[in-house]
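Student: This is what each chain is made of:
Number of protein chains: 2
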Amino acid sequence: MTTFRIAVIGGTGPQGKGLGYRFARHGHTVVLGSRAAEKAVPVAEEVTARLSGVEGAGEVTGASNADACAGADVVLLAVPYDGHDELVATLPLEGKVVISCVNPLAFDKQGPHGRIIDDGAGSAAESAQRIAPEATVVGAFHHVSAVTLWGEADYLDDEDVLVCGDTAEGKAVAIELARSVTGRDGIDAGKLRLARQLEPLTAVLISINKRYKAHSGVRISGLH
Amino acid sequence: MTTFRIAVIGGTGPQGKGLGYRFARHGHTVVLGSRAAEKAVPVAEEVTARLSGVEGAGEVTGASNADACAGADVVLLAVPYDGHDELVATLPLEGKVVISCVNPLAFDKQGPHGRIIDDGAGSAAESAQRIAPEATVVGAFHHVSAVTLWGEADYLDDEDVLVCGDTAEGKAVAIELARSVTGRDGIDAGKLRLARQLEPLTAVLISINKRYKAHSGVRISGLH
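Top line first, the protein sequences correspond to chains A and B. Under the working numbering, the first residue of the first sequence is numbered 1, with each subsequent residue one higher. Under the working numbering, the first residue of the second sequence is numbered 1, with each subsequent residue one higher.
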């Protein structure tokens, strides 16, 4: 297994913290990033405490978002969509594999639905790629629930991680990192623009969660 | 179990024929519709032949699309998106539960992706509801592959049917009909507008099928 040094941008939010915990649990080095380092440090300590006794766990530290990126091989964008573009523009992402799990959603009286980006011809992942053209952006980890990530199970072995991107190299990193979450490779779901489909699917899962009082996820049948 | 009389519009296409076969296999009466009755009749005979020896199977006949609708409780729209709106406008759908499994997709050098409807604020199912305001339109059965539907297995028990709609009554029909396909209730996935998310997810499955040489489907984890 390759051991990555992963910066989690938005690492103090539930999705970022949960994924950081999963990656570190399976040996990767994780830097949780936040707007201010002093916000990230206590969350890193909380994750470290949760990993005590887990053999082979990677180190988890906290830093400012930009400092977290600086030393990382892989940058996970786990931020809300509001302010996403402005934040991405400030990060040193050149030459890095950037994994976006950003879910642009909107909520109203009818419940959750996908936020419409670029009149339906865009997604958060594509925006990140446009803003950081020298990075390799892939989309992945949109559908794993924060609650399940933070749980005690070694793997979320009933879920799949769907990975989209325009280069095999970028996708290979996310496909391998998925093993830390589900215990098996992520699924190559095609080109980056399919993030238009993967990101708002989370609105469907939230809707199902409300209706069934569950923490639902996605599994692809017919492959295993 | 309620026994429905189901008209399948586009019943000679692979998705419509496969779903019609599944519904009849589990006791429902199916009328496969096509532009011309004489195109539908031989396909109905083919499905009937495939059901020979299946105890309790429902009758399968062929008719023109409009005639198929006339006597039906439930109308399944299983047509290509090209020409969809014009066709729906010709059908007598008033007072009926209309299930749309229409997948508006586009294909180019980069592969499949979701076709953009109403600048991202629409879907085939929503278009059908707008064109036929006195029908109860729900979206369901988007993700079951035609090949798997036409197979010998009694149930596709590794897949889920996701159902979206704005009335509980409409959704209840599709949720029950899902039992003929998967062996269990369909999943209530929320409001009709979430068809914007369900329909183009099929582009992701097609992309996965190409990459893995598979017939993939969707399963929701965390509920069962």
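If you are wondering where the hints come from, they were derived from the structure by calculation, not from laboratory data. Just to be clear, a hint being listed does not mean it is correct.
[Said to hold, decoys possible] Derived CB-CB ranges, DEER-like:
no.	chain 1	residue 1	chain 2	residue 2	range
1	A	A153	B	S52	27 to 37 angstroms
2	A	G183	B	A214	16 to 26 angstroms
3	B	D73	A	P14	14 to 24 angstroms
4	B	G71	A	G183	28 to 38 angstroms
5	B	D82	A	A36	21 to 31 angstroms
6	B	G71	A	L105	52 to 62 angstroms
7	A	E152	B	T2	40 to 50 angstroms
8	B	E94	A	A168	29 to 39 angstroms
[Claimed, not checked] Which chain B residues stay away from chain A? Per the calculated CB distances, all over 12 angstroms, these:
no.	residue
9	T29
10	E45
11	L51
12	S52
13	E55
14	D85
15	G95
16	E134
17	E152
18	D158
19	S207
20	K213
Beta carbons: idealized from backbone N, C-alpha and C, even for Gly.
Student: Evaluate each hint against the coordinates.
Tutor: Do the hints match the structure? See the list:
A C-beta distance of roughly 47 angstroms is found between A153(A) and S52(B), which places it outside the suggested range of 27 to 37 angstroms. For the pair G183(A) and A214(B), the beta carbons lie near 20 angstroms from each other, so the given range of 16 to 26 angstroms is met. Taken as a hint, the range 14 to 24 angstroms is violated for the pair D73(B) and P14(A), whose Cβ atoms sit roughly 45 angstroms apart. Distance hint for G71(B) and G183(A): a CB-CB separation of about 51 angstroms, inconsistent with the stated range 28 to 38 angstroms.
A hinted range of 21 to 31 angstroms for the beta carbons of D82(B) and A36(A) is inconsistent with their spacing of about 53 angstroms. Between G71(B) and L105(A) the beta carbons are some 42 angstroms apart, a value that contradicts the proposed interval 52 to 62 angstroms. Remark: the range hint 40 to 50 angstroms for E152(A) to T2(B) is upheld by a beta-carbon distance near 43 angstroms. For E94(B) paired with A168(A), a C-beta distance near 52 angstroms fails the hint of 29 to 39 angstroms.
No Cβ of chain A comes within 12 angstroms of the Cβ of T29(B); the nearest lies about 29 angstroms off, and the non-interface call holds. No Cβ of chain A approaches the Cβ of E45(B) within 12 angstroms, the least distance being about 30 angstroms, so the stated non-interface status holds. Non-interface status of L51(B) relative to chain A is upheld: no Cβ of that chain comes within 12 angstroms, the nearest being about 24 angstroms off. The beta carbon of S52(B) is kept farther than 12 angstroms from every beta carbon of chain A, the shortest such distance being approximately 28 angstroms.
For E55(B), the requirement that its beta carbon stay farther than 12 angstroms from each beta carbon of chain A is met, with the minimum near 27 angstroms. Non-interface status of D85(B) relative to chain A is upheld: no Cβ of that chain comes within 12 angstroms, the nearest being about 17 angstroms off. A cut-off of 12 angstroms between C-beta atoms confirms that G95(B) is not in contact with chain A; the least separation is 24 angstroms. No beta-carbon of chain A is positioned within 12 angstroms of the beta-carbon of E134(B); the least distance is around 21 angstroms.
For E152(B), the shortest C-beta to C-beta distance to chain A comes to about 16 angstroms, beyond the 12 angstroms cut-off, and the non-interface label holds. The Cβ of D158(B) does not lie farther than 12 angstroms from every Cβ of chain A; its closest approach is about 4 angstroms, which violates its non-interface assignment. Taking the minimum C-beta to C-beta distance to chain A, about 3 angstroms, the non-interface status of S207(B) is violated against the 12 angstroms cut. Residue placement check: K213(B) does not keep its beta carbon more than 12 angstroms from all beta carbons of chain A (closest about 10 angstroms).
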